[in-house]
Amino acid sequence: MSDKHTTHFGYREVDTDEKAGLVAGVFDSVAARYDLMNDLMSGGVHRLWKRFTIELSAVRKGHAVLDIAGGTGDLAVQFADLVGPEGRVVLADINESMLRVGRDKLIDTGRLGPIEFVQADAQHLPFPDDSFDCISIAFGLRNVTDKDLALRSMLRVLKPGGRLLVLEFSKPRSPLLSRLYDAYSFNVLPGIGRIVANDGESYRYLAESIRMHPDQDTLREMLEDAGFIQCEYYDLTGGIVALHRGIKP
Amino acid sequence: MPVTVDPTLQTAALAALEATLNRALTLAPRAGAELAPFDGQVFALHCRAPQIDVFLHPRDGHIRLTGIHEGPVTTSIHGSAADFSALANASDPAAALINGNIELEGDSAPLIDLQKVLASLEIDWEAPLVASLGDVAGHQLAQSLRQAFAWSRQAGSSLRRQLAEYIHEEARLSPPGLEVEDFFSEVRELGQRVDRLQSRSQRLRRQLDKLRN
Chain W
0 MSDKHTTHFG YREVDTDEKA GLVAGVFDSV AARYDLMNDL MSGGVHRLWK
50 RFTIELSAVR KGHAVLDIAG GTGDLAVQFA DLVGPEGRVV LADINESMLR
100 VGRDKLIDTG RLGPIEFVQA DAQHLPFPDD SFDCISIAFG LRNVTDKDLA
150 LRSMLRVLKP GGRLLVLEFS KPRSPLLSRL YDAYSFNVLP GIGRIVANDG
200 ESYRYLAESI RMHPDQDTLR EMLEDAGFIQ CEYYDLTGGI VALHRGIKP
Chain C
0 MPVTVDPTLQ TAALAALEAT LNRALTLAPR AGAELAPFDG QVFALHCRAP
50 QIDVFLHPRD GHIRLTGIHE GPVTTSIHGS AADFSALANA SDPAAALING
100 NIELEGDSAP LIDLQKVLAS LEIDWEAPLV ASLGDVAGHQ LAQSLRQAFA
150 WSRQAGSSLR RQLAEYIHEE ARLSPPGLEV EDFFSEVREL GQRVDRLQSR
200 SQRLRRQLDK LRN
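Residue numbers (numbering that gives the first Met the number 0), protein chains in the order written: chain W, 0 to 248; chain C, 0 to 212.
Same shape as in the complex, but just chain C (with noise of 0.2 angstroms):
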């Protein structure tokens, strides 16, 4: 049997998480608009222990969650309950992220894409979640989402300065960003001075035109 827990149970904890997160979604005003760039995308995280697949469906302004995706996906993140735990705490996620056991398929571009407009959004969750659970464990439960999205906010920034570092540095895959623009800045001195050389010899060609007649 490919699924191990009980199937009902995946997905009860799936439909739940799925409500509450288009809740949240619909109090958001700019969600529609955000996320119909990624209408027809499939997002893909799979948590090795415990083994439980969440395949992420955006859709007209929602987010449809399932356990089972047979067909493209978009991006794929494997990693363990631990991994993903020890990212989450990391100081410096973008390191963990890069050094760590995640490993990530596919396009990353939409994904980061995604997370930055879930960031962006600045999603009530007080709202869905107090209806939902009450008023102190949804409070509770909003505050853990919100820093978590503040975290995910702070670790977008630093894994674009991480990857630029490491592109930079470690891989040598591209030359830092001065480099790049005192390369130009000789480029363009370097056109300028073969401008004026060619409108010199111009000049000269004229003159020494100028003797012979």
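Next comes chain W alone, as it looks inside the complex (with noise of 0.2 angstroms):
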């Protein structure tokens, strides 16, 4: 970034103190109708990108768990069922929105049990060093205005030997995927978006914040300059999205 004080807003530049506010209109639009336009915009396939992060979480009885951006509670509710009784389940979103609709869904269907709610900002968290044996940030980083500053914060809740899971849009590695993706994001998301959340730009926002976001590599080379060690990642989807992981030493 060539200015301190500017950071983008999908294609725009923003100033750093205003990108915050942005986002959480946006989410504060769409927070309602978030589970359906997630069903409808990926046409279900981002259940099978949380189920495989849960499974690569490694997360048993008795752990501790924080997930961050974790919006209307699809991996918290999978984590609680892995953790157990004995285990803890903290869902923290910067967006009041977005945890409210998170949480009433959560009681609506019986299924709150052990899941606390944290209304908490990825770069500031408000919790103790060494607090949780998996860290999990699903479709929210590129949301963060400054990303690194929110890798070192999650560094320093994890526990030693815990894991850091990052699941977010990226980029496709077949360029006949790219062109069919970027058709797909810029004309038909925000169409949809327009009918079913009515607001179609937040949906372009969506769109354009995915092009800004770090590629897989670069993102992993974030994780490592954060303090992670054995980073890896997994395309899922032809790159559409991709999944890191990073442990903390």
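Treat each hint with caution, since some may be false.
In silico EDC-like cross-links for lysine to aspartate or glutamate, where the CA-CA straight-line distance does not exceed 16 angstroms [to be verified]:
id	chain 1	residue 1	chain 2	residue 2
1	W	K60	C	D59
2	W	K170	W	E207
3	W	K49	C	D38
4	W	K170	C	D59
5	W	K158	W	D120
6	W	K158	W	E207
7	W	K60	C	D5
8	W	K49	W	D38
9	W	K158	C	D38
None of these hints come from the bench; they were simulated from the model.
Quick one: dock chain against chain with the hints and give me the complex.
Put into structure tokens, the structure is as follows:
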């Protein structure tokens, strides 16, 4: 980045202080239809990406898990099943609307269980050092203003040997898939957003923010720079999404 | 990259298989109780060609399937798809298991127990498969699964017989049952003779004491 005091919000260059408010606006707008939109946009495949994340988490009974940008609780519910009553699952999200929708959903489905809800900024996690065996952040990192700061904050609250899982949109490997994906993202996606969530602009931001997000190898380097070891990633669905994993030494 | 197939495809296949399996288990009334002893155990199936790993995690009357597991495994089976296929089509599957290329690691007893439980549940595969795939395909697949489980029951008893023969005749790790029974009967006979000899010697000792007095 050439200017320390600006960052990107989709394709727009905005003041660093301004980005969090703009992202909050997007999620306030889409929170109520978030799950439905995820299913429509991905054809339900986001459930498979999350399922694979759970598999790679190696979470077991008694573990403490932090799900950052946990939104409507898709991952947190599955983590709660794995850790059992002796474990701990914290669902954290910076956005109050998303947390409220998530909590209502889990109450309605009787899955609230041992899940704690915390409104928190990923850059300044309000937890003591060495608190969690596993941290996940699914489709959240690209919305964070200072990603390096957030990764260092995650490293701090992880226990030594604990693992970070970053599930995020990435760069498709095949040029053909890339072109199809671009056409879909910029033409179809905002249309679906306009019809279902009555908000085409937020979904245009989604498409733009994905293009501005670091690719697979850059994100792996960022994890290493933050202090994680054994960093690796898995391309999912041809690289449309990547799952990165790093271990706290 | 440790995973060669796109993980999305493998995860989708496992999710579909898991959903069908658990829907079928839900229809088996004894499934919960029968699977309870396996809670917390992990069974691994490692296929070398194509390279696919499947881990079975029985829990709360259901079986979770995953493609990745980092942690202790109760029992692992290694082989290629051709090995598994040869095993499935063998006229004597137990012999194929012993003489074939399939490798088994860990404690074999829980895996055999799990296979016995799944076979004994007589799972009705038809309803969940027809619901997912339609009448024709669902019925055909259910038929195949019924045959597979019938095979697994037959394979289970054949395996026990083959293992017994192998242990007795080939490896000579333990004597055959009849020899053991003969041996125990001789031991019993010897014990009775010792008892009789002991009481006879006591009687003689008493008579000798009387004569001395």
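Quick rundown of the hints versus the structure:
no., hint, in the structure
1, K60/W <-> D59/C, "holds (14 angstroms)"
2, K170/W <-> E207/W, "holds (13 angstroms)"
3, K49/W <-> D38/C, "violated (24 angstroms)"
4, K170/W <-> D59/C, "violated (39 angstroms)"
5, K158/W <-> D120/W, "violated (19 angstroms)"
6, K158/W <-> E207/W, "violated (34 angstroms)"
7, K60/W <-> D5/C, "violated (28 angstroms)"
8, K49/W <-> D38/W, "holds (12 angstroms)"
9, K158/W <-> D38/C, "violated (27 angstroms)"
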